[in-house]
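Asker: Respectively, the protein sequence lines represent chains D and P. For the first sequence, position 17 matches number 17 in the working numbering, and the numbering has no gaps at all. For the second sequence, position 191 matches number 191 in the working numbering, and the numbering has no gaps at all.
Calculated directly from the structure, the hints in this document are not laboratory data. For glycine and all other residues, C-beta sits at the position ideal for the given N, C-alpha and C. Misleading hints may appear alongside valid ones.
Just a sample of chain D residues kept apart from chain P, beta carbon distances all over 12 Å, derived [said to hold, decoys possible]:
| # | residue |
| --- | --- |
| 1 | Ala198 |
| 2 | Trp244 |
| 3 | Val498 |
Per label pair, the in silico range of CB-to-CB distance [said to hold, decoys possible]:
| # | chain 1 | residue 1 | chain 2 | residue 2 | range |
| --- | --- | --- | --- | --- | --- |
| 4 | D | Glu384 | P | Ala475 | 41 to 49 Å |
| 5 | D | Ile141 | P | Asp219 | 43 to 51 Å |
| 6 | D | Ser463 | P | Arg159 | 16 to 24 Å |
| 7 | P | Asp58 | D | Pro493 | 21 to 29 Å |
| 8 | D | Thr38 | P | Ser45 | 37 to 45 Å |
| 9 | D | Gly496 | P | Val216 | 26 to 34 Å |
| 10 | D | His108 | P | Asp375 | 25 to 33 Å |
| 11 | D | Arg381 | P | Gly441 | 33 to 41 Å |
| 12 | P | Ala173 | D | Ala53 | 38 to 46 Å |
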Amino acid sequence: MVNGLPEVTALLPVLLLGFTGLALLLVDTLSPDTRSNTSMAVVSAFGALASLAATAWFVSTGVGSADAGGAITLFAEAIKVDTMALFFTAIFASVTSLVVVAAHDYFHDHSNPATFYSLTLFAATGMSLLAVANSLAVVFIALEMVSLPSYVLVAFLKQNRGSVEAGLKYFLVGALSSAIFLFGISLVYAATGSLMLADVASVLGDIAAGTDGLGSRSGIAGLGIVMILGGVAFKTASVPFHFWAPDAYQGAPAPVSAFLSSASKAAGFVVAFRVFTEAFPVGASLSANINWVLAFGILAAVTMTLGNFAAAVQEEVKRMLAYSSIGHAGYALIGVAALSADGGGNSAVMGAAMAHLLVYGFMNTGAFLFVAMAERWGVGRTFEDYAGLARRAPVASTAMAVFMFSLAGLPPFAGFFSKYFLFTGAIDNGFLWLAAIGAINSVISLYYYSRVVKALFIDDPASPTALDTIDVRPTALYAAVVFAAVATVLLLPGFGPVIETAEAAASALF
Amino acid sequence: MILEALIAAAFLSALLVLLSPNEWAGRLAFALSLIPFVGSLYLWSGFDGSGNALTGGDIAYQTQIEWLEFGGRSVSWFVGLDGISLPLVVLTTFLVPLAILSAWTPIDTRQSQFYGLMLFMEANLLGVFTALDFFLWFVFWEAVLVPMYFLIGVWGGPRRKYAAIKFFVYTNAASLLMFIGFMSLTFALGDSVTSFALPEITGAIADGGLGTWFGVAPDQIAMLAFLAMFAGFAVKVPIVPVHTWLPDAHVEAPTPVSVLLAGVLLKMGTYALLRFNFTMLPDQASALAIPIAAIAVISVIYGAMLALAQKDLKRIVAYSSVSSMGYVILGLVVFTEYGVGGATFQMVAHGLISGLMFMAVGVVYNATHTRMVGDMAGMADRMPITVGILVAGAFGYMGLPLMAGFAGEFFIFVGSFSAPALPYAPVFTGLAMFGIVIVAGYLLSAMQSTLFGPFELATDYEVGPAPFHDVAPLAVLLVAIIVLGVAPDIFFEMIRDAALPVVEGVSING
Numbered sequence: 001m002v003n004g005l006p007e008v009t010a011l012l013p014v015l016l017l018g019f020t021g022l023a024l025l026l027v028d029t030l031s032p033d034t035r036s037n038t039s040m041a042v043v044s045a046f047g048a049l050a051s052l053a054a055t056a057w058f059v060s061t062g063v064g065s066a067d068a069g070g071a072i073t074l075f076a077e078a079i080k081v082d083t084m085a086l087f088f089t090a091i092f093a094s095v096t097s098l099v100v101v102a103a104h105d106y107f108h109d110h111s112n113p114a115t116f117y118s119l120t121l122f123a124a125t126g127m128s129l130l131a132v133a134n135s136l137a138v139v140f141i142a143l144e145m146v147s148l149p150s151y152v153l154v155a156f157l158k159q160n161r162g163s164v165e166a167g168l169k170y171f172l173v174g175a176l177s178s179a180i181f182l183f184g185i186s187l188v189y190a191a192t193g194s195l196m197l198a199d200v201a202s203v204l205g206d207i208a209a210g211t212d213g214l215g216s217r218s219g220i221a222g223l224g225i226v227m228i229l230g231g232v233a234f235k236t237a238s239v240p241f242h243f244w245a246p247d248a249y250q251g252a253p254a255p256v257s258a259f260l261s262s263a264s265k266a267a268g269f270v271v272a273f274r275v276f277t278e279a280f281p282v283g284a285s286l287s288a289n290i291n292w293v294l295a296f297g298i299l300a301a302v303t304m305t306l307g308n309f310a311a312a313v314q315e316e317v318k319r320m321l322a323y324s325s326i327g328h329a330g331y332a333l334i335g336v337a338a339l340s341a342d343g344g345g346n347s348a349v350m351g352a353a354m355a356h357l358l359v360y361g362f363m364n365t366g367a368f369l370f371v372a373m374a375e376r377w378g379v380g381r382t383f384e385d386y387a388g389l390a391r392r393a394p395v396a397s398t399a400m401a402v403f404m405f406s407l408a409g410l411p412p413f414a415g416f417f418s419k420y421f422l423f424t425g426a427i428d429n430g431f432l433w434l435a436a437i438g439a440i441n442s443v444i445s446l447y448y449y450s451r452v453v454k455a456l457f458i459d460d461p462a463s464p465t466a467l468d469t470i471d472v473r474p475t476a477l478y479a480a481v482v483f484a485a486v487a488t489v490l491l492l493p494g495f496g497p498v499i500e501t502a503e504a505a506a507s508a509l510f
Numbered sequence: 001m002i003l004e005a006l007i008a009a010a011f012l013s014a015l016l017v018l019l020s021p022n023e024w025a026g027r028l029a030f031a032l033s034l035i036p037f038v039g040s041l042y043l044w045s046g047f048d049g050s051g052n053a054l055t056g057g058d059i060a061y062q063t064q065i066e067w068l069e070f071g072g073r074s075v076s077w078f079v080g081l082d083g084i085s086l087p088l089v090v091l092t093t094f095l096v097p098l099a100i101l102s103a104w105t106p107i108d109t110r111q112s113q114f115y116g117l118m119l120f121m122e123a124n125l126l127g128v129f130t131a132l133d134f135f136l137w138f139v140f141w142e143a144v145l146v147p148m149y150f151l152i153g154v155w156g157g158p159r160r161k162y163a164a165i166k167f168f169v170y171t172n173a174a175s176l177l178m179f180i181g182f183m184s185l186t187f188a189l190g191d192s193v194t195s196f197a198l199p200e201i202t203g204a205i206a207d208g209g210l211g212t213w214f215g216v217a218p219d220q221i222a223m224l225a226f227l228a229m230f231a232g233f234a235v236k237v238p239i240v241p242v243h244t245w246l247p248d249a250h251v252e253a254p255t256p257v258s259v260l261l262a263g264v265l266l267k268m269g270t271y272a273l274l275r276f277n278f279t280m281l282p283d284q285a286s287a288l289a290i291p292i293a294a295i296a297v298i299s300v301i302y303g304a305m306l307a308l309a310q311k312d313l314k315r316i317v318a319y320s321s322v323s324s325m326g327y328v329i330l331g332l333v334v335f336t337e338y339g340v341g342g343a344t345f346q347m348v349a350h351g352l353i354s355g356l357m358f359m360a361v362g363v364v365y366n367a368t369h370t371r372m373v374g375d376m377a378g379m380a381d382r383m384p385i386t387v388g389i390l391v392a393g394a395f396g397y398m399g400l401p402l403m404a405g406f407a408g409e410f411f412i413f414v415g416s417f418s419a420p421a422l423p424y425a426p427v428f429t430g431l432a433m434f435g436i437v438i439v440a441g442y443l444l445s446a447m448q449s450t451l452f453g454p455f456e457l458a459t460d461y462e463v464g465p466a467p468f469h470d471v472a473p474l475a476v477l478l479v480a481i482i483v484l485g486v487a488p489d490i491f492f493e494m495i496r497d498a499a500l501p502v503v504e505g506v507s508i509n510g
């Protein structure tokens with residue numbers, strides 16, 4: 001029972017997202033002449049918010065938590081609703097609602113915006129399904145449910161060369177990594193004989209118990225795990241499958257970039273957190289000589305360093321944000337890279353990574369939506385083009401400054417706490433080197449983030465007429481940006497419940 | 001709850017002023033800034049604290065509310081006042097209205113943002129001086145940087161971009177160093193602390209709670225942490241050789257910003273040194289007494305010599321701040337009642353005097369549009385009142401008896417001359433005293449060539465007396481300086497009470 005309702009209602013947040021997408025598609029198909037951009041945006045925003053509200057209700061009443069009877073499993077345990085799933089669903093629903101609200105103004109003159117809204121909601125449905133997946137088969141299907149709409153969304157401006165090119169690149173790399181991921185799953189199945197996460201884990205664990213377990217098949221399992229890791233790296237835009245991200249984020253319409261770099265990335269992490277803790281527990285994997293923790297550690301270090309250094313040399317703000325998002329994937333990877341077999345601080349560090357992804361969902365989405373606003377105004381793409389924007393748009397520029405400082409991890413904003421807890425969590429678990437690399441990268445990042453702030457507030461416009469193109473006030477975009485900024489600030493005093501929920505959610509996995 | 005109300009009032013005022021129209025932002029900001037001032041007078045009148053807040057003294061106006069918990073340690077909203085912080089709170093709330101008043105003439109663009117940022121900075125400064133939880137304190141500490149960066153970068157002089165970035169980079173790098181130092185302490189304390197409350201951490205260190213961490217022995221950790229924190233705070237103070245950001249920031253900053261920068265922001269550094277380095281790790285401080293005293297004396301002499309070589313009035317005052325801060329460091333390191341107490345008193349005295357000097361130079365600049373010593377002469381002729389106050393302030397700087405500067409420096413010298421904790425104390429004191437002679441030299445010569453003699457200034461307009469709202473804050477400051485010089489006990493009593501436990505904390509005195 002879920003709050004007195006049948007157990008299947010535990011999927012309410014997922015279903016709300018999915019049905020809203022279907023409803024939009026239905027209305028669009030039945031009466032294509034009566035559709036209006038505004039009503040579509042309102043309906044999809046309501047759908048996303050309803051899903052968020054349901055998630056918040058479930059979290060606050062403890063659905064799926066250890067205190068309230070543990071995780072709820074459905075469909076022969078293929079689906080598992082626990083606090084971590086709800087936590088991630090909250091991230092997806094928040095980002096989705098911000099993005100659809102902003103898209104209302106961004107696609108104001110697009111001929112067929114309904115497709116955008118329904119595709120976004122379908123992708124969000126896939127993400128939240130990914131969060132509840134308890135079997136490798138469901139993981140793969142949900143992953144494809146996220147990927148397929150995403151390819152279309154990136155290429156959504158089909159008259160725009162950059163958008164189409166980005167979509168093609170994303171699709172090619174995505175198809176390749178899907179194939180690798182699927183092959184990895186089949187190898188794990190070959191080695192362990194099951195797709196259920198818990199069964200895979202018990203076969204791996206048999207080694208420790210002295211029974212046969214994997215036996216000579218540990219090499220096959222190891223190869224499979226590495227391939228699954230590759231799929232995760234693609235979805236989270238981490239090294240070595242990161243190189244689609246700068247092109248895709250830069251070429252895609254800015255709201256789509258926001259959606260992909262925040263929600264889709266978080267979806268990749270939910271796979272990593274769930275699959276690698278529940279199917280391949282650290283202790284069992286290590287005794288089977290499959291050291292994926294070290295692999296993640298190296299990937300995390302390389303990813304954050306590469307993302308930061310590449311971001312520092314960019315001339316276009318959107319591309320800089322794309323690389324910064326790679327850097328942040330590196331930070332969040334600490335959540336799986338700083339795990340130890342004895343498990344003392346495992347839930348703390350993974351909880352911190354989850355909290356970081358939540359904060360990141362607001363600050364990064366907000367930053368990309370500011371870029372969306374700049375594209376709407378037509379002010380250009382480089383740092384120089386942003387010069388003096390604060391004079392014409394002080395509120396939006398202040399919000400952007402909040403996002404930049406928070407992404408850099410400066411204390412007055414939520415990004416400080418989430419990064420701090422992540423790094424101390426790693427140190428407490430014995431991974432001082434990862435925390436040190438993270439901290440150094442964090443300092444470097446201040447350079448390129450503050451460049452944006454400097455351009456907005458301190459630099460003079462290139463010419464006195466440079467800002468004259470700012471003649472519209474896109475209300476919905478403004479609302480989304482300001483809301484994201486307020487959330488980024490308020491998550492600092494309100495960080496307590498977030499980190500506690502995240503930590504409790506993570507502790508259920510170990 | 002009065003402290004909270006005070007900080008909240010400053011935050012709300014900042015918000016209100018930010019949203020107000022430019023035309024009356026200045027007046028509104030001044031009126032609103034009187035609320036914290038009156039509040040701080042109320043705090044002063046009802047002050048009932050005794051001892052030092054960190055060493056188990058009675059904390060006045062204390063509130064402690066848990067904020068969040070992570071890894072076994074809680075972070076809380078923990079504020080309160082003792083005899084060291086109250087004078088600095090009063091200084092802050094007293095200087096801000098005066099600085100706002102002095103901004104009415106020079107600030108003529110984007111006023112609402114300017115005054116909003118000033119009040120925002122005040123709120124955070126109050127937080128820095130009242131917070132007793134490390135995290136809370138650090139959030140406020142860093143939050144001071146952001147408005148300062150904008151205040152210099154947007155409203156500054158011709159090289160404002162360079163100065164703002166330099167300020168930002170220097171102080172942020174310093175904060176990071178200090179943060180790492182403090183964190184290594186808390187990690188080494190391990191389970192002997194359960195929160196980030198400064199009194200608890202101070203107590204645990206005094207009780208020998210430091211353990212071995214990552215193979216480093218407790219003594220070495222304490223020493224490394226001391227050095228990291230000292231280096232971090234030294235930038236803020238600033239101490240030679242990390243002072244170079246200060247003249248740039250001062251010269252480019254508009255007058256009211258310089259007033260707060262010299263009057264309050266530099267005190268953040270000395271306040272933090274006193275709280276963290278000298279109260280928490282007294283034995284490390286006394287082990288390093290000779291090098292620290294040497295740095296202090298070098299700051300005094302070298303700062304004064306640099307001032308001697310300057311032609312820009314503002315640069316002269318800026319470098320003499322470096323010199324004055326050297327006295328504060330000397331007072332702290334000798335670990336005597338009068339030394340530590342005098343250093344704290346000198347913070348307040350220097351805040352008032354340097355505020356007055358910057359303000360008076362600013363008023364002269366408003367009329368002449370130059371600050372170069374060679375460009376003008378005989379200003380006393382045209383602006384007799386302003387010049388009179390400027391001369392009086394300069395005498396305060398030189399340590400004229402019955403003015404606050406004399407009391408502060410006198411206490412420090414009395415305390416340092418025969419200090420048991422500092423070998424060769426008379427030598428250091430004698431050398432430092434020599435600094436006063438140089439101060440007198442450059443201030444007198446600069447004033448003689450600019451203020452007296454026949455009037456000379458190449459302008460195409462008539463130079464007349466400054467408006468009332470420019471002169472009034474100068475007069476108020478002068479009165480305060482004299483009051484504090486005549487009756488130092490109004491602050492010194494409580495300062496001494498709070499300084500005594502610090503002095504007794506060092507084993508050579510214990």
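Asker: Each hint should be assessed against the structure and marked as holding or not.
Answerer: Structure-based check of all given hints:
| no. | hint | verdict |
| --- | --- | --- |
| 1 | Ala198 | 29 Å, holds |
| 2 | Trp244 | 33 Å, holds |
| 3 | Val498 | 9 Å, violated |
| 4 | D:Glu384 <-> P:Ala475: 41 to 49 Å | 47 Å, holds |
| 5 | D:Ile141 <-> P:Asp219: 43 to 51 Å | 59 Å, violated |
| 6 | D:Ser463 <-> P:Arg159: 16 to 24 Å | 22 Å, holds |
| 7 | P:Asp58 <-> D:Pro493: 21 to 29 Å | 28 Å, holds |
| 8 | D:Thr38 <-> P:Ser45: 37 to 45 Å | 59 Å, violated |
| 9 | D:Gly496 <-> P:Val216: 26 to 34 Å | 32 Å, holds |
| 10 | D:His108 <-> P:Asp375: 25 to 33 Å | 57 Å, violated |
| 11 | D:Arg381 <-> P:Gly441: 33 to 41 Å | 56 Å, violated |
| 12 | P:Ala173 <-> D:Ala53: 38 to 46 Å | 44 Å, holds |
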